[in-house]
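Number of protein chains: 4
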Amino acid sequence: MNRTTLDSKNKIYKAALNLFIKKGIKGTTTREIAKKAGIAEGTIYIHFSTKDAIAFTLFTNYMGVFRERLLESSKNCTNPTFKLRAIIHAFFDFAKDEPNACSYIVIDHYTELNKMTKEKNKFKDIFVEVIHDGIKKRVFRKIDENLGSALIIGMINRAILSFNNGLLDSDYDKLVSETVNAALRVLEKNY
Amino acid sequence: MNRTTLDSKNKIYKAALNLFIKKGIKGTTTREIAKKAGIAEGTIYIHFSTKDAIAFTLFTNYMGVFRERLLESSKNCTNPTFKLRAIIHAFFDFAKDEPNACSYIVIDHYTELNKMTKEKNKFKDIFVEVIHDGIKKRVFRKIDENLGSALIIGMINRAILSFNNGLLDSDYDKLVSETVNAALRVLEKNY
Amino acid sequence: MNRTTLDSKNKIYKAALNLFIKKGIKGTTTREIAKKAGIAEGTIYIHFSTKDAIAFTLFTNYMGVFRERLLESSKNCTNPTFKLRAIIHAFFDFAKDEPNACSYIVIDHYTELNKMTKEKNKFKDIFVEVIHDGIKKRVFRKIDENLGSALIIGMINRAILSFNNGLLDSDYDKLVSETVNAALRVLEKNY
Amino acid sequence: MNRTTLDSKNKIYKAALNLFIKKGIKGTTTREIAKKAGIAEGTIYIHFSTKDAIAFTLFTNYMGVFRERLLESSKNCTNPTFKLRAIIHAFFDFAKDEPNACSYIVIDHYTELNKMTKEKNKFKDIFVEVIHDGIKKRVFRKIDENLGSALIIGMINRAILSFNNGLLDSDYDKLVSETVNAALRVLEKNY
DNA sequence: AATGAATGAGGTTTCATTCAT
DNA sequence: GATGAATGAAACCTCATTCAT
Numbered sequence: 341m342n343r344t345t346l347d348s349k350n351k352i353y354k355a356a357l358n359l360f361i362k363k364g365i366k367g368t369t370t371r372e373i374a375k376k377a378g379i380a381e382g383t384i385y386i387h388f389s390t391k392d393a394i395a396f397t398l399f400t401n402y403m404g405v406f407r408e409r410l411l412e413s414s415k416n417c418t419n420p421t422f423k424l425r426a427i428i429h430a431f432f433d434f435a436k437d438e439p440n441a442c443s444y445i446v447i448d449h450y451t452e453l454n455k456m457t458k459e460k461n462k463f464k465d466i467f468v469e470v471i472h473d474g475i476k477k478r479v480f481r482k483i484d485e486n487l488g489s490a491l492i493i494g495m496i497n498r499a500i501l502s503f504n505n506g507l508l509d510s511d512y513d514k515l516v517s518e519t520v521n522a523a524l525r526v527l528e529k530n531y
Numbered sequence: 341m342n343r344t345t346l347d348s349k350n351k352i353y354k355a356a357l358n359l360f361i362k363k364g365i366k367g368t369t370t371r372e373i374a375k376k377a378g379i380a381e382g383t384i385y386i387h388f389s390t391k392d393a394i395a396f397t398l399f400t401n402y403m404g405v406f407r408e409r410l411l412e413s414s415k416n417c418t419n420p421t422f423k424l425r426a427i428i429h430a431f432f433d434f435a436k437d438e439p440n441a442c443s444y445i446v447i448d449h450y451t452e453l454n455k456m457t458k459e460k461n462k463f464k465d466i467f468v469e470v471i472h473d474g475i476k477k478r479v480f481r482k483i484d485e486n487l488g489s490a491l492i493i494g495m496i497n498r499a500i501l502s503f504n505n506g507l508l509d510s511d512y513d514k515l516v517s518e519t520v521n522a523a524l525r526v527l528e529k530n531y
Numbered sequence: 341m342n343r344t345t346l347d348s349k350n351k352i353y354k355a356a357l358n359l360f361i362k363k364g365i366k367g368t369t370t371r372e373i374a375k376k377a378g379i380a381e382g383t384i385y386i387h388f389s390t391k392d393a394i395a396f397t398l399f400t401n402y403m404g405v406f407r408e409r410l411l412e413s414s415k416n417c418t419n420p421t422f423k424l425r426a427i428i429h430a431f432f433d434f435a436k437d438e439p440n441a442c443s444y445i446v447i448d449h450y451t452e453l454n455k456m457t458k459e460k461n462k463f464k465d466i467f468v469e470v471i472h473d474g475i476k477k478r479v480f481r482k483i484d485e486n487l488g489s490a491l492i493i494g495m496i497n498r499a500i501l502s503f504n505n506g507l508l509d510s511d512y513d514k515l516v517s518e519t520v521n522a523a524l525r526v527l528e529k530n531y
Numbered sequence: 341m342n343r344t345t346l347d348s349k350n351k352i353y354k355a356a357l358n359l360f361i362k363k364g365i366k367g368t369t370t371r372e373i374a375k376k377a378g379i380a381e382g383t384i385y386i387h388f389s390t391k392d393a394i395a396f397t398l399f400t401n402y403m404g405v406f407r408e409r410l411l412e413s414s415k416n417c418t419n420p421t422f423k424l425r426a427i428i429h430a431f432f433d434f435a436k437d438e439p440n441a442c443s444y445i446v447i448d449h450y451t452e453l454n455k456m457t458k459e460k461n462k463f464k465d466i467f468v469e470v471i472h473d474g475i476k477k478r479v480f481r482k483i484d485e486n487l488g489s490a491l492i493i494g495m496i497n498r499a500i501l502s503f504n505n506g507l508l509d510s511d512y513d514k515l516v517s518e519t520v521n522a523a524l525r526v527l528e529k530n531y
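Residue numbers (the working numbering), protein chains in the order written: chain A, 341 to 531; chain B, 341 to 531; chain C, 341 to 531; chain D, 341 to 531.
Hints are not guaranteed to be accurate.
The list makes no distinction among identical chains, and a pair is therefore deemed to hold if it is satisfied within one copy or across any two copies.
Dumping the calculated DSS-like pairs for lysine-lysine here, alpha-carbon to alpha-carbon at most 25 Å [said to hold, decoys possible]: (1) K354 - K415; (2) K529 - K391; (3) K375 - K349; (4) K391 - K366; (5) K376 - K351; (6) K391 - K514; (7) K482 - K366; (8) K351 - K464; (9) K349 - K476; (10) K476 - K351; (11) K351 - K375; (12) K529 - K415; (13) K482 - K376.
Source of the hints: derived by calculation from the structure; they are not laboratory data.
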């Protein structure tokens, strides 16, 4: 792949992501994508077989990046509390660095993306494992690990969503530490 | 409105809701709605001006019902802890009684519904008020009330979502009490 | 199916057939069909699922009619010579009554229609059977029946094609009798 | 023209001919031609101005070759019967040596090629002349020469088509001699 | 009120052709 | 000459909405 190819492809990715999170996948037209990307409509089909293929590839690629960042962030922690904190920080960092991608794969597009991906919530297992480990090490209280993950992920999601919508007064760092705090309150024994 | 009218209208509501939560609003065609409702496509336009009007009315109506149920459930509680517990129970009850409506207005369709309603999260204020009251009464710790609401609502949402997707082992009552427990851990002082 | 439906559908059939024989199936656009039929482009898709479905249905329907006319024409003949004559007459009659249909299913569109129909040349068997019978009855000379059919059908096809293109001076009746004569020369013993 | 040019051009001819007879001219894309020829799509336009120019040139070139072979085969025959036999043999030989070209110019693509060539059936005159001569020499019976040509050409076409489609049991030599026999039965006086 | 065929604007996709490299 | 990404006109098809019955 040469420079030009990458350029066009990336322009499409960027434009499509932008539009998908604002108007949904179905709600975004190829004409809009092309216009926003500054290319011809036909060019889309050099790089992708269908409009949905853009949506799918965006999802898959960013989910991969997201997972890696979560895993990377916590790989050196042995203490479950630190590990959980690291993952939550990484989650918020991703939301800050790649707000569109984060909205797209995590926050908003549940229904439309459900049709595309069989392995739903492909990052949930990372939380499950941390919680599992924390329980085994008696740092976390006994709780269904899947429920624990759901509660923590739900808090993070909604916190980011509310922040992005300007509904929160806190600054971002405060938001993160408060969410970590809340997560530990939910999970830790001595609370 | 006579019997027949109501019948047709209700059939449309039911069919549309069903399809909207599965395929999204944009992803659902009027033909599909008519077919599922067992009526002709043209009949839809006797009762609604546009397809989006169905989506909007569904949202508004159910949001009204939902709000009422949350408010009704807690109107006799003075203790913030009991009040919060009551609201969460009402939330889960609504999700059980009207799973489609609940998915539609609360859980899934953030992006598509955003376009329709300016007053986002029209039930969030109920949580905000309870938390505000709890803090004033020194039952809950000091926390940005909007953040607190976001965390609690996020947990509930994701818990219901996970349950509906068959990802949790717990039975429903256990799920509810665990979620209440988690919410109180997040908010109460003595945790 | 009410009047209107039939009207639209028939208009589409007629327009499409007309264009298909002139420009080919691939060479005919849905826009042209709609325009010639005097309907909206979208209307086509109420009655047919795809453009190719029109082509296929046209082929199947007319091939059915054509076969029936060949069979009907010869059902009362026992003498193979008479039978063959009757079938050839029926062939030419069809070409005269329904020149477009005849062109479409028999004469021109070999390549395009091949893709649509597995049972190629669905009328060849009628010729094969007559020849088979004629050989058994010692009226026709021994010849591979499939080759015999091919030769006769080939002559008829090309005769009609040449006539339609204005390349022949003969009037139609002369053309038919000459072709019958040629067919019998090819097949009969005493020639 | 150097070696390379010829190579590319010939690759295009070969690939295009192959695809045209299978899928039609309209049904074949330049991308397919390029792929089958093992060249880039743009290269086509170095050698040909349009896709249709390939189709037209293929037709014209092969028609020239075909005519020459028919003429060459019979140039030393004075006897009309021998001459006709020679031409039919040459026809079948061409169909054997260049099956794709033969399919393309003679057998299949009547409709699509009609648009390209004004002098239709550019080889028909060869048959007309032989028949004319045969009639004059009282070897052939009186028959409209154009009709006679149509009948003979129709038989040959259909015989080859049936053979190529595997519908005939005869071997090729038998097929040829049977067709010659049939042609003479149609034309010769003493039949 | 109910129907469902018809509409036509607009969506997705294809493809012959161009052009910078 | 050769490449293949880019173009954009035009193809096929969809679908919310209308309207005659």
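Reference check for the pair K349 and K476, CA-CA at most 25 Å: within, between, both, or neither? Neither, since 46 Å and 54 Å both go past 25 Å.
Give the relationship of K351 and K464 under a CA distance limit of 25 Å: within one copy only, between copies only, both, or neither. Classified as neither; 30 Å inside a copy, 38 Å across copies.
Can you give me the call for K375 and K349, within, between, both or neither, at a CA distance of at most 25 Å? Both: 14 Å inside a copy, 23 Å across copies.
Can you tell me if K529 and K415 fall within 25 Å by alpha carbon in one copy, between copies, both or neither? within (23 Å within a copy, 33 Å between copies)
As a check of your reading, is K482 near K376 (CA-CA no more than 25 Å) within one copy, between copies, both or neither? For K482 and K376, the Cα distance exceeds 25 Å both inside one copy (50 Å) and across copies (45 Å).
At 25 Å max between alpha carbons, let me know whether K354 reaches K415 within a copy, between copies, both or neither. Cα proximity of K354 and K415: none, with 30 Å in one copy and 49 Å across.
Tell me, please, which holds for K391 and K366 at an alpha-carbon limit of 25 Å: within, between, both or neither? Both: 9 Å inside a copy, 15 Å across copies.
Within, between, both or neither: how does the pair K529, K391 come out at a Cα-Cα threshold of 25 Å? neither (48 Å within a copy, 51 Å between copies)
Can you give me the call for K482 and K366, within, between, both or neither, at a CA distance of at most 25 Å? neither (42 Å within a copy, 42 Å between copies)
Checking K476 and K351: alpha-carbon separation at most 25 Å within a copy, between copies, both or neither? neither (47 Å within a copy, 51 Å between copies)
Under a CA distance limit of 25 Å, which applies to K351 and K375: within one copy, between copies, both, or neither? within (10 Å within a copy, 28 Å between copies)
Are the CA atoms of K376 and K351 at most 25 Å apart within a copy, between copies, both, or neither? Close inside one copy (8 Å), not across copies (31 Å); limit 25 Å.
Figure legend: structure checked against the earlier numbered hints; hints not met, in rising order: 1, 2, 6, 7, 8, 9, 10, 13.
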